[in-house]
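A.B. asks: Sequence:
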Amino acid sequence: MPGKAAVFLDRDGTINEQMGYINHISRFHLLPGAAEAIKRLNDAHIPVIVVSNQSGLARGYFPEELLTAVHEKMDAQLADKGAKVDAVYYCPHHPEAKEKRFRKACNCRKPKPGLILTAAKEMELDPEKSFVVGDRWSDIKTAAACGARSVLVRTGYGKGDEQYIGPFQEIQPHKKCDDLQDAIDWILTQIAPDNAAHDLN
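Be aware that the sequence shown starts at 9, since it is given in our numbering, and climbs by one per residue.
The reader is advised that the hints may include incorrect statements.
Simulated crosslink set (DSBU-like; lysine-lysine; CA at most 35 Å straight-line) [as the list claims (entries may be wrong)]:
id: 1; residue 1: 112; residue 2: 184
id: 2; residue 1: 149; residue 2: 167
id: 3; residue 1: 120; residue 2: 89
id: 4; residue 1: 92; residue 2: 167
id: 5; residue 1: 106; residue 2: 167
id: 6; residue 1: 120; residue 2: 108
id: 7; residue 1: 89; residue 2: 108
id: 8; residue 1: 120; residue 2: 149
id: 9; residue 1: 184; residue 2: 149
id: 10; residue 1: 129; residue 2: 183
id: 11; residue 1: 81; residue 2: 184
id: 12; residue 1: 47; residue 2: 184
Quick list of simulated restraints, FRET-style, between CB atoms [stated by the list, open to error]:
id: 13; residue 1: 132; residue 2: 173; range: 27 to 35 Å
id: 14; residue 1: 180; residue 2: 130; range: 27 to 35 Å
id: 15; residue 1: 51; residue 2: 109; range: 35 to 43 Å
id: 16; residue 1: 193; residue 2: 171; range: 36 to 44 Å
id: 17; residue 1: 68; residue 2: 186; range: 34 to 42 Å
id: 18; residue 1: 53; residue 2: 130; range: 35 to 43 Å
Rather than coming from a laboratory, the hints here were simulated on the basis of the structure.
C-beta atoms are modelled at their ideal positions from N, C-alpha and C, and glycine is treated no differently.
Full structure from sequences and hints, please.
C.D. replies: What follows is the structure, encoded as structure tokens:
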């Protein structure tokens, strides 16, 4: 697939504190250093895409208006540090959703690759040149499903997944990092700095 390399970031536990369901705007807090890490990708002209499961929406724990408000707050807090994400893709589905319109077995709920494949098509990105960063093994499996390289961060659920889930998994991350800053340090050694040639070093 032709296109640029990108970095796909999980949201909860990777960019912001893992709070379970963010069912109120006050529960959204950026993790220390997350904005600075994202800004480094911005400065290197590497697209930054958020890919997030939001089953709380499907389960009726919060309305779409809150999800929109959370992403607006995220954008504003990143902007305060001179950073931005290029797009947000989220899965609102769950097989046991309260609302019928969200009740389905979809291809976009991680670990399925639909969110990344949709973003890649719409934004002319190449998953096989890209990276997926997250705190759950579902993020690692998502990366594998679309041919991307994966990074497990130890924020959010990461330490627990590393200790109790990872040892039993056939699919392993390409890299394990303490946090998003650490992950971006590594990614920037792997990806073409200007991302203009559409390939990796």
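A.B. asks: Look at each hint and say if it fits the structure.
C.D. replies: Comparing the hints with the structure gives:
no.	hint	result
1	112 - 184	holds, 33 Å
2	149 - 167	holds, 17 Å
3	120 - 89	holds, 32 Å
4	92 - 167	holds, 27 Å
5	106 - 167	holds, 31 Å
6	120 - 108	holds, 21 Å
7	89 - 108	violated, 40 Å
8	120 - 149	holds, 8 Å
9	184 - 149	holds, 14 Å
10	129 - 183	holds, 26 Å
11	81 - 184	holds, 28 Å
12	47 - 184	holds, 21 Å
13	132 - 173: 27 to 35 Å	holds, 34 Å
14	180 - 130: 27 to 35 Å	holds, 29 Å
15	51 - 109: 35 to 43 Å	holds, 40 Å
16	193 - 171: 36 to 44 Å	violated, 23 Å
17	68 - 186: 34 to 42 Å	holds, 35 Å
18	53 - 130: 35 to 43 Å	violated, 18 Å
Comparing the model with each numbered hint stated earlier shows that hints 7, 16, 18 do not hold.
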